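With the hints as your guide, set chain B onto chain A.
If you're matching them up, the sequences are chains A and B in order. Quick note: to get this note's numbering, add 1 to the position in the first sequence (first position is 1). Quick note: to get this note's numbering, add 6 to the position in the second sequence (first position is 1).
I should point out that these hints are in silico values taken from the structure, not numbers from a laboratory. Among these hints, one or two may not hold up.
In silico lysine-lysine, DSS-like type, Cα no more than 27 angstroms apart, as pairs [claimed, not checked]:
1. K184/A - K26/B
2. K128/B - K45/B
3. K26/B - K183/A
4. K77/B - K9/B
5. K128/B - K184/A
6. K184/A - K201/A
7. K83/B - K45/B
8. K45/B - K9/B
9. K184/A - K9/B
10. K183/A - K9/B
11. K201/A - K45/B
Computed far set for chain A versus chain B, every beta-carbon distance over 12 angstroms [unchecked claim]:
12. Q114
13. V121
14. L182
15. E376
Predicted, not measured: the structure shown is a model, and the values here were computed from it. No residue lacks a Cβ here, since even glycine has one placed at the ideal position from N, Cα and C.
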Amino acid sequence: MIEETGPRTRSPDTTLSSVFEGSAEGIILLDAEDRVIEWSGGATRIYGHSREEALGRPLSMFDSEAATLALMGVAHRGGDLLSLFITPHRARGQDGRTLGMVKIVRNVTDERQRGHLELVDRELSLKNTLGALRRSHDELKTTQLQLIQSAKLESIGRLAASVAHEVKNPLAILLAGIQFLKKSLPDADPGVAETLDDLKEAVHRANGVIGGLLDFAASTELRLEPVNVEDMITASIQLVRHALQRRHMNLEREQRGELPTLPLDRPKIEQVMVNLMINAIDAMPDGGTLTVRSSLAQLTKPGDDVGYRRTDPFRVGETVALIEIEDTGPGIPPHVLGRIFDPFFTTKPPGKGTGLGLAVSKTIIGLHRGSIRIENRPEGGARATLMFRAGETIKESLHDQAPNPAGG
Amino acid sequence: MTKHRILLVDDEPAFTRVIKRYLDSVGRYEVRIENDSTKAVAAVREFRPSLILLDVIMPEMDGGEIAAQLKTDARFKHVPIVFLTAIVSKEQVQRQGDVIGGHPFLAKPVDAEQVIRFIDEKLRSAA
Numbered sequence: 002m003i004e005e006t007g008p009r010t011r012s013p014d015t016t017l018s019s020v021f022e023g024s025a026e027g028i029i030l031l032d033a034e035d036r037v038i039e040w041s042g043g044a045t046r047i048y049g050h051s052r053e054e055a056l057g058r059p060l061s062m063f064d065s066e067a068a069t070l071a072l073m074g075v076a077h078r079g080g081d082l083l084s085l086f087i088t089p090h091r092a093r094g095q096d097g098r099t100l101g102m103v104k105i106v107r108n109v110t111d112e113r114q115r116g117h118l119e120l121v122d123r124e125l126s127l128k129n130t131l132g133a134l135r136r137s138h139d140e141l142k143t144t145q146l147q148l149i150q151s152a153k154l155e156s157i158g159r160l161a162a163s164v165a166h167e168v169k170n171p172l173a174i175l176l177a178g179i180q181f182l183k184k185s186l187p188d189a190d191p192g193v194a195e196t197l198d199d200l201k202e203a204v205h206r207a208n209g210v211i212g213g214l215l216d217f218a219a220s221t222e223l224r225l226e227p228v229n230v231e232d233m234i235t236a237s238i239q240l241v242r243h244a245l246q247r248r249h250m251n252l253e254r255e256q257r258g259e260l261p262t263l264p265l266d267r268p269k270i271e272q273v274m275v276n277l278m279i280n281a282i283d284a285m286p287d288g289g290t291l292t293v294r295s296s297l298a299q300l301t302k303p304g305d306d307v308g309y310r311r312t313d314p315f316r317v318g319e320t321v322a323l324i325e326i327e328d329t330g331p332g333i334p335p336h337v338l339g340r341i342f343d344p345f346f347t348t349k350p351p352g353k354g355t356g357l358g359l360a361v362s363k364t365i366i367g368l369h370r371g372s373i374r375i376e377n378r379p380e381g382g383a384r385a386t387l388m389f390r391a392g393e394t395i396k397e398s399l400h401d402q403a404p405n406p407a408g409g
Numbered sequence: 007m008t009k010h011r012i013l014l015v016d017d018e019p020a021f022t023r024v025i026k027r028y029l030d031s032v033g034r035y036e037v038r039i040e041n042d043s044t045k046a047v048a049a050v051r052e053f054r055p056s057l058i059l060l061d062v063i064m065p066e067m068d069g070g071e072i073a074a075q076l077k078t079d080a081r082f083k084h085v086p087i088v089f090l091t092a093i094v095s096k097e098q099v100q101r102q103g104d105v106i107g108g109h110p111f112l113a114k115p116v117d118a119e120q121v122i123r124f125i126d127e128k129l130r131s132a133a
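Chain A extracted, bound-state conformation (with noise of 0.2 angstroms):
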């Protein structure tokens, strides 16, 4: 339908008035200084005015955005706020003046919704995705520490055979020297005798280190057996009896709970028993409580080890043995909790640590699929407790393990 609206309105043919009402854009004619002097029917639909009501207006009471050179434009209608494309095309005369402007406007808020929940489902789906790399990379960082550890073993294990072989020859030669100048020497003057003492116990210190570490590299191979667990405690405490008798310490044995058999390579189990008992009872060198705590317990959150996750040692859910071991001493200083568990390190006098009984302990652990924490109780001293899952048999313990023939 063509309309007459002024002098200086042109009647468009049939065919263009039809593109030109049906067109979904709306088509603007302006004149040079911006007013409208003609509005498609498109252009009724987009921004909700009539023709009547455009024309000889100014195109910024209808679109802010539109009356300057933007190709973006902006326009409410009922409420909604639109999104438009603009494109602008100047309309010259044949001197090459401005007549006025042709603004082909497109509403594109559909698309550009579309095109945003687009961008949210992407986004969506890049962020599982970075979870799942996440998870992965967590993952992966698990098994190369693991590798790390297993490779650090194994180079201890090699560098202890050496080292033992190295060094226990040298020492196999003093110490039968000292034994065998002893016997020579019967009647020998009191400070030879003495000397030749401290030569023995001296030798005897450095072969100590060298069992440790040994023991360390051995600590690699588990022989399990069903081992009551209560059974092994208390012949645990016989083995620091003396120790505890001499400092005249108390000892409290809690028991919460039967704790089920369990697949155990006890003597191993009784070293870190030993050593998490001796290091207790050392840092109480005024006297104190020993506890000895046995209890069964049902894991219900996320922690140190404990997880929903294949990976994790122990999961939500899981029945655990725990084994406690409490000192009332000073408690373990921040910057040595840390390193507890690094070999070779001690706060223990010369000859008094070799810094490889925490590293063996955790190793130990480990190789149980248990875990070892050690932290300070908030009473006071310090607290060990061991982990083990309570409801395995020898063959799942087994069903990990790779052979490991034990070398010569």
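Relative to chain A, chain B alone:
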């Protein structure tokens, strides 16, 4: 009283010298030293020891190989062997049931008195 012949095979000359002196001082043993492991079997044939103190880790031929060779020889397969070894911990010794290939062993550094106890015990049960 005839002395028991003890062959001491170890690649560490100073160790063998000291142990020999110690055993000599006891007066009951005639000790011969062999520091070359490849000559150990020949030394057994020639010296005909009552007992062999045998180091495990040696260059060329280790104690296990020497023991295995002697086992195939009817004349020497019953000669008691006590292994002396430097690469085991006390715990490993216990694990092995104090035996390598059926022979008892002592971990270096050995207590000389313990060596004598082992020798005498083995000689008694072999007699």
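Hint by hint, here is what the structure shows:
1. Taking the CA atoms of K184/A and K26/B, the gap is about 13 angstroms. The hint holds against a cut of 27 angstroms.
2. About 24 angstroms separates the Cα atoms of K128/B and K45/B, which keeps this hinted pair within 27 angstroms; it holds.
3. Between K26/B and K183/A, the direct Cα distance comes to roughly 15 angstroms. Compliance with the 27 angstroms bound is thereby established for this hinted pair.
4. For the hint pairing K77/B with K9/B, the CA-to-CA distance comes to about 24 angstroms; that is within 27 angstroms, so the pair holds.
5. Restraint check for K128/B and K184/A: the C-alpha separation of about 23 angstroms stays at or below 27 angstroms, so the hint holds.
6. With a CA separation close to 13 angstroms, the supplied pair K184/A and K201/A stays within the 27 angstroms bound.
7. A C-alpha spacing of about 17 angstroms is found between K83/B and K45/B, which places the hinted pair at or below 27 angstroms, so the restraint holds.
8. Simply put, K45/B and K9/B have alpha-carbon atoms about 23 angstroms apart, close enough for the 27 angstroms limit, and the pair holds.
9. Straight-line distance between C-alpha atoms of K184/A and K9/B comes to about 20 angstroms, which keeps the hinted pair within the 27 angstroms bound.
10. A threshold of 27 angstroms between alpha carbons decides the hint, and for K183/A with K9/B the separation of about 24 angstroms falls inside it, so the pair holds.
11. The suggested pairing of K201/A with K45/B is violated, with an alpha-carbon distance near 33 angstroms, which exceeds 27 angstroms.
12. Listed as outside the interface, Q114/A is consistent with that label: its C-beta sits roughly 73 angstroms from the nearest C-beta of chain B, beyond the 12 angstroms cut-off.
13. The claim that V121/A is not at the interface with chain B holds, since no C-beta of that chain comes within 12 angstroms of its own (minimum 63 angstroms).
14. Against the 12 angstroms criterion, L182/A falls within the reach of chain B, whose nearest CB is about 10 angstroms from its own CB.
15. Under the 12 angstroms C-beta cut-off, the non-interface status given to E376/A relative to chain B holds; the minimum distance is some 29 angstroms.
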